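Can you make the complete structure from the sequences, with help from the hints?
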Amino acid sequence: MKRKIFLFSLLISVHAFSLFGADAVKFNAMSPSTVVLDKPFQLVYSVNASGRDLRAPELNNFDILAGPFESHSQSIQMVNGKTSSSVSVSYTYTLQAQKVGTFTIPPASIMVEGQKYVSNGLSIKVLPSDNNTSKSQSSNPSSSGGTTNQSGAHANNISSENLFIKANVSKTNVYEQEAILVTYKLYTLVDVVQCANKKMPDFNGFLKQDIEQSQNKQFSYESVNGKNYGSVVLYQVVLYPQHAGVLEISKATFEALIRIQNRANVRSIFDDFFESYSNVTRNVVAPSVRINVIPLPASKPISFNGTVGHFTMSPSISADKVKTNDAITLKLNIAGTGNMKLIKTPQLKFPDGFETYDPKVTNNFKTTPNGVSGSKVIEYMVIPRHAGDFEIPSTEFSYFDIQDKAYKVLRTPTYKIRVDKGEGGENATVVSNYTNKEDVKQLGRDIRYILVDDIQLDNSESPMVGSFLSWMLYLIPLMVSIVLFVFFKKQVRENSDMVLVRNRKANKIAQKRLKVASKLLEEGKMDVFYEEVLKALWAYLRDKLSISQSNLTKEQVQNVLSEKAVDASVYSRIVEVLNTCEFARYAPISDAKNMENLYKETIQVISDIENSIKN
Amino acid sequence: MMNRIITPLLCLLLLFGSSSINAIDRVKEANDLYAQAEYKMAIKEYEEILVKEGVSPQIYYNLGNAYYKSNEIGRAILNYERALKIDPMMEDASYNLTIAQTKVVDNIIKIPTFFLFEWFKILIKLIGSNAWLYISVFLFILCLLFVFLFIFASSRRLRIVSFYIWMVFLVFSILTLVFSNVRKSQIEKHNEAIVMSGVITAKSSPDKSGTNLFQLHEGTKVEIKSSLGNWIEIELGNGSVGWVEKVHTERI
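So the sequences go chain by chain: A and B. When we follow the working numbering, the leftmost residue of the first sequence carries the number 5, and every step to the right adds one. When we follow the working numbering, the leftmost residue of the second sequence carries the number 7, and every step to the right adds one.
You can trust all of the hints, since none of them are fake.
Below, computed lysine-lysine pairings styled on DSSO-like, alpha-carbon distance capped at 30 Å:
id	chain 1	residue 1	chain 2	residue 2
1	A	K512	A	K597
2	A	K597	A	K523
3	A	K420	A	K364
4	A	K353	B	K109
5	A	K604	A	K519
6	B	K109	A	K445
7	B	K75	A	K445
8	A	K255	A	K189
9	A	K512	A	K558
10	A	K335	A	K348
11	B	K46	B	K58
12	A	K412	A	K304
13	A	K420	A	K325
14	B	K127	B	K91
15	A	K304	B	K46
16	B	K75	A	K353
17	A	K304	B	K75
18	A	K221	A	K231
Note that these hints are calculated values from the structure, not bench results. Please read these numbers as outputs of a predicted model, since none were measured by experiment.
Quick look at the structure:
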């Protein structure tokens, strides 16, 4: 609870401060950062409101030559009927340094509407006075750092000694893609009004990034070889070497406009009052610079893309549990210093079924003397269209770290995303109501996996067609069928005449019965004997003459026999045997001799029929 | 006495048993190597299995996969073709073969053959030579049965019908016998080869000074027409004929 209150009060105070800032009472101290001993300079305190009770700090090490002079300025603006006014007050001190060294001027304070404001402190470097410049000239007061002391130079005085340009390089041994700062600085002892680029080097083999210079350039003093030159930065550029080797930045040419006092030519009484000047242009050449570029070490990571510098990456995701058709934003913030323009947007592999959009890239770069710094924010927006558990795989961003001289790989974490079914099904965004049928997407093609199970070695069959065995497979059924054929053919021929069969059987049956009869004869069983003979004869006739049982009469037998052209005597003999048998059955004749005769007669008759009826 | 006979028999049995178990183990080992993406080692192992333990279409197929993964397309195609030669209906092998063939530089357009021949070719490849033989014998026996029916049938209609049936069965029996023979010749012929070198130039004569006729790239299938010394005469699917050195090709 306490903490909450504290936070709250902090918020209020911050808010109050920002409100206050909007009023924008600014109280600044300004002075050149370097001055020359024995030369006056100006210290200006400015405030954009009417203040009172300026309390300047104690200025040790400096003599106050004049001041403070107070100057007011007020401007009133009317824009669209709205009037706004601004006031600025400045207090100017003219100072002179007492000794060589670096001194600080502590902050001053001022009261504005009962409120006390404190200015910034200053640090001033005091250079020793020139060895060979005359004191009389240097005692000339000059406006605060605006022009140099050598205002009275002659045209022939302008030599490479009192006007030259240096090309300063921050480093001469660098890695590929490592930022270097090249500064072109003008050093002058003469009064240079203007200095413009005339021919700049083409920076072959470099990627260049200009640093914007302030419009209001101020000369500051710098001691070179014991002389105090007025110096100013003309041009600053950050370069990124694009390939290894010795690269040269060629000469740069600047055009300087110099103001010369025409004291020698004009002889008039007014000369002393109205000094006349003329402008002379001079070409000043800055020397060429060689830079040794070391190649980046081998063993580059796969994702390396030429990014060199020092970076951090902070990934974040808007949600990891969403419903279908709710957007997810994945944000990558790459911040640091280096050749940030070369950073490629890392490709994130979103799962299939996610609708992806082109990532939104926000660059916030600032070119500084150390290279481009700032941040690159990449926002990936995806919309999951289907429910399920998904995984956004990790992606890499790699760079060469200048400080550690090694490759660094930054990785995003693997995000697990759970997508639940949203309201209105999976295709809610689609206005129409029908279900979108999707073809099965072919994502890639590869060979199928190896077979693991069911491997039988040496299962290559040897074909046996054409071998002896294979022919036997045909031959054996053929042989079997031929044998069967022959057998069946005979059978058929025999079967084709059924009468013939019975015909043959007739004799057999007769013989069989007669055999029984002969047995009975021997045993002397008379009645049974006659019956048996009778049956045998009738059965024989029936079969032999093919007469059905119902038609079996003596007349029929006679007809058939005459048809077959059998002797009529045979018939009479048959009838005699039949009659004898029938008679004997009812009136037994117990005569063995008769029985024997009858038996013989029957056999005789049958054999006679057999002989006379041949197929 | 009995022991003397049984002991060596047992030993022999064990030996055979152990060798087959060994083969299964080796196959498993090679498959594991493949699974671990150690394709070079897997290739070595599969090749040794094929030499020492015997061939099988599955091993040829797996070997082809290992070659494909180590980017040796020529050898991959060779082994897929060998697998398909033994088992033409191996669907995985023919699929992977088409994938591998997409990486082959040469695009040889085959002269189209009469569609009926193509159908017969596919039909013949459906089953093995022996299976065709058995079908043929079976049809032959059926044919004989109907011949009997034709001869001994009592009714006239039955005789006419059975006459046609046995004729048809006889024709099919002969046809399947032909299929069996064709299938056998497909298995036993070694007149197809795969180009193994990156690029080879076919000459007009079996000699290095011959005129350059055409260039072939790794993985292309050619038919060997004849051979002379270290040279073979090849024919492409589009009908071009030329001589190449034997070492640049490998027979399927």
